[in-house]
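Mind docking chains F, R, B, X, H and Y on chain P? Use the hints.
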Amino acid sequence: MLKPLGDRVLVKVRNEEEKVGGIVLAGNAKEKPTSGEVIAVGPGAIDHHGNRMPIDVKVGETVWYDKYSGTSIKYNDDEYLVIRAGDLLAVED
Amino acid sequence: MLKPLGDRVLVKVRNEEEKVGGIVLAGNAKEKPTSGEVIAVGPGAIDHHGNRMPIDVKVGETVWYDKYSGTSIKYNDDEYLVIRAGDLLAVED
Amino acid sequence: MLKPLGDRVLVKVRNEEEKVGGIVLAGNAKEKPTSGEVIAVGPGAIDHHGNRMPIDVKVGETVWYDKYSGTSIKYNDDEYLVIRAGDLLAVED
Amino acid sequence: MLKPLGDRVLVKVRNEEEKVGGIVLAGNAKEKPTSGEVIAVGPGAIDHHGNRMPIDVKVGETVWYDKYSGTSIKYNDDEYLVIRAGDLLAVED
Amino acid sequence: MLKPLGDRVLVKVRNEEEKVGGIVLAGNAKEKPTSGEVIAVGPGAIDHHGNRMPIDVKVGETVWYDKYSGTSIKYNDDEYLVIRAGDLLAVED
Amino acid sequence: MLKPLGDRVLVKVRNEEEKVGGIVLAGNAKEKPTSGEVIAVGPGAIDHHGNRMPIDVKVGETVWYDKYSGTSIKYNDDEYLVIRAGDLLAVED
Amino acid sequence: MLKPLGDRVLVKVRNEEEKVGGIVLAGNAKEKPTSGEVIAVGPGAIDHHGNRMPIDVKVGETVWYDKYSGTSIKYNDDEYLVIRAGDLLAVED
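Protein chains in written order, with the working numbering: chain P, 1 to 93; chain F, 1 to 93; chain R, 1 to 93; chain B, 1 to 93; chain X, 1 to 93; chain H, 1 to 93; chain Y, 1 to 93.
Simulated from the structure, these hints should not be mistaken for lab results.
Among the hints, a few may not be true.
As the list claims (entries may be wrong) - Here are the in silico distance ranges between beta carbons for each label pair:
1) B:R14 <-> H:G44: 23 to 29 angstroms
2) Y:D47 <-> B:N76: 40 to 46 angstroms
3) P:D78 <-> H:P43: 48 to 54 angstroms
4) X:P54 <-> R:H48: 17 to 23 angstroms
To be verified - Which chain X residues face chain R? A few, computed with CB under 7 angstroms, are given here:
5) M1
6) L2
7) K3
8) P4
9) L5
10) I46
11) H48
12) V57
13) T71
14) I73
What the hints assert, rightly or not - With a straight-line Cα cutoff of 27 angstroms, these simulated DSSO-like cross-link-like pairs (lysine-lysine) come out:
15) Y:K12 <-> H:K3
16) R:K67 <-> X:K67
17) F:K12 <-> P:K67
18) H:K3 <-> B:K3
19) F:K74 <-> F:K58
20) P:K58 <-> F:K3
21) F:K67 <-> R:K3
22) X:K58 <-> X:K3
The beta-carbon is built from N, C-alpha and C at its ideal position, and this holds for glycine as well.
Next up, chain P with everything else stripped away, as it sits in the complex:
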């Protein structure tokens, strides 16, 4: 399985929305965040004192993110998103 590195999180995308090409829209007018399930969590980035910084989401949680965040990875025919934890907007309670 894929293990995300650093402060990254591996997400199984839930809803595949309509793509609007590769164009980044300015402002918050048109960007529709999507959500997905956390599959794996990286070890965390290393701070200036050599300590790992915690990541605030756990495996199994549903997270929301802007649809232009992260990088898509196709692995064993499944579509995942590798996204920095700091780019996650919210988590469902």
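Only chains F, R, B, X, H and Y this time, still in chain P's reference frame:
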């Protein structure tokens, strides 16, 4: 419910002003900040010493922000804004 | 009343100069700073040690700033400017 | 043999995908990460206290990265990629 | 009188050179620094430990700066320049 | 002889590849790193504690770098490259 | 005489090469560094602990720099260059 992550705040938008497309206007000539009610507050960003940095607004307060700040999220048919606490301009007393 | 957040200051604009559209002019050739009265001062930004950094202006003082700095807020039919303290150029003695 | 410097990793590229010219596509719409085998690992970057920062991958592991990351090097007729460890997205378990 | 804020210095411009519009010329080919007299010095910026950082020029000294640095202020019919101390190039002995 | 300053290294370029004008190509599609011999090593940059940061290459070693890195210097009719140590990609064993 | 401020160095330009307009050429293809004699050295920049950072060149030394670095100053009919010490590439032994 949605819990904002890091230094983010979840806001229920109060007044939906006229959109002027997705174009960011330069300067402060035309940008009209909007306001909303704080619904949830994130745990805060982590500083260089591993401590959480406080967020200066509380649930229930009315906050003002530039209308191009933050990211809109539609959740259970309601429109929210996820915005970094540092992008909030002012809070009503 | 509005309370500015972080290192921001709420200013009541004094002189409303002629607008030259929303275009930022390069260099210092045409930018005419304006001045206003400080109405409220934020708690200050938090430094890397978790302490509030002081803000060098007080309520009632007249401050000068570049006319493209800050964000305009209309609140109770009055026009204010929310501006970061670090963007204030000078204060009248 | 080539020894990567600093926080860099030397990777033997596994799958050579179709090139889409030298144009960087915006967003995650079209970018297909690739994978490769770690051949050598640099000593790590030096942090603000003069210590080496660890690199989270080891020789022999399969790593995934965005196809526009890193720099290609042709050495002894073999194609390698020199990439910063922080640009690696994930490692296979 | 105007008191500059932070790491800023108030300068009375000495020689008003011919303007070449508001266009910033690239490189050092055409930029002619100008000089002026220091009228007032700000309290200094605050460093990461909460201390004021010293400013290396004093009232009455003649300083040199790139003509595109700083912001012009008209105050009581006099033209001043508010400029960050770090943008001053040299001081006359 | 020339002594590089700070974190810079003086390199005698080995192979002069075909130039493709002064245009920086995006991505790693076309950039062909070159190699050269280290002629001299700077004293190292100074970190936040006032200490010199070590440079990981030595005189006589063969280093590889992206062909758009560094600055060419003609000195006594020889062509050298002055390049920051952090821009060196790899060193030959 | 002119005293450079901060981490700046005052250089008497040695060879005035042909100008190619004010256009910055990309890459290292066409940029020809020039050299000059150090006339004066600033006190050094102040680091995060309030200490002056040393400057690695001395008055009388010949330094090399990229011809687009620094700012030209005409002072008493002589042409000088004020350049940050960190932009100096090398010093002649």
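Evaluation of the provided hints:
A beta carbon spacing of about 37 angstroms between R14 (chain B) and G44 (chain H) contradicts the range 23 to 29 angstroms that was offered as a hint. Between D47 (chain Y) and N76 (chain B) the beta carbon distance is about 44 angstroms. The supplied range of 40 to 46 angstroms therefore holds. About 52 angstroms separates the C-beta atoms of D78 (chain P) and P43 (chain H), a value consistent with the hinted range of 48 to 54 angstroms. A hinted range of 17 to 23 angstroms for the beta carbons of P54 (chain X) and H48 (chain R) is consistent with their spacing of about 21 angstroms.
Taken as an interface hint, M1 (chain X) checks out: its beta carbon lies about 5 angstroms from the nearest beta carbon of chain R, inside 7 angstroms. This hint holds: L2 (chain X) has a C-beta 4 angstroms from the nearest C-beta of chain R, less than the 7 angstroms allowed. Because the smallest distance between the Cβ of K3 (chain X) and any Cβ of chain R comes to about 5 angstroms, under 7 angstroms, the interface hint for this residue holds. Hint status for P4 (chain X): holds, given a least beta-carbon distance of 5 angstroms to chain R, under 7 angstroms.
A cut of 7 angstroms between beta carbons decides the hint on L5 (chain X): the least distance to chain R is about 5 angstroms, and the hint holds. A cut of 7 angstroms between beta carbons decides the hint on I46 (chain X): the least distance to chain R is about 6 angstroms, and the hint holds. With its C-beta approaching chain R no nearer than about 5 angstroms, H48 (chain X) sits inside the 7 angstroms limit, and its interface hint holds. Because the smallest distance between the Cβ of V57 (chain X) and any Cβ of chain R comes to about 16 angstroms, over 7 angstroms, the interface hint for this residue is violated.
The beta carbon of T71 (chain X) comes within 5 angstroms of a beta carbon in chain R, closer than 7 angstroms, and the hint placing it at the interface holds. Because the closest C-beta pair between I73 (chain X) and chain R is about 5 angstroms apart, less than 7 angstroms, the hint holds. Of the pairs offered as hints, the one joining K12 (chain Y) and K3 (chain H) holds, with about 19 angstroms between alpha carbons and a cut-off of 27 angstroms not exceeded. For the given pair, K67 (chain R) sits about 20 angstroms from K67 (chain X) by alpha-carbon distance, which is consistent with the 27 angstroms threshold.
Taking the CA atoms of K12 (chain F) and K67 (chain P), the gap is about 21 angstroms. The hint holds against a cut of 27 angstroms. Taking the CA atoms of K3 (chain H) and K3 (chain B), the gap is about 25 angstroms. The hint holds against a cut of 27 angstroms. This hinted pair checks out: K74 (chain F) and K58 (chain F) have alpha carbons roughly 22 angstroms apart, not beyond 27 angstroms. About 13 angstroms separates the Cα atoms of K58 (chain P) and K3 (chain F), which keeps this hinted pair within 27 angstroms; it holds.
Among the hinted pairs, K67 (chain F) with K3 (chain R) is consistent with the structure: their alpha-carbon atoms are about 18 angstroms apart, no more than 27 angstroms. Of the supplied pair hints, the one linking K58 (chain X) and K3 (chain X) holds, its CA atoms being roughly 14 angstroms apart against a limit of 27 angstroms.
The earlier numbered hints that this structure contradicts are 1, 12.
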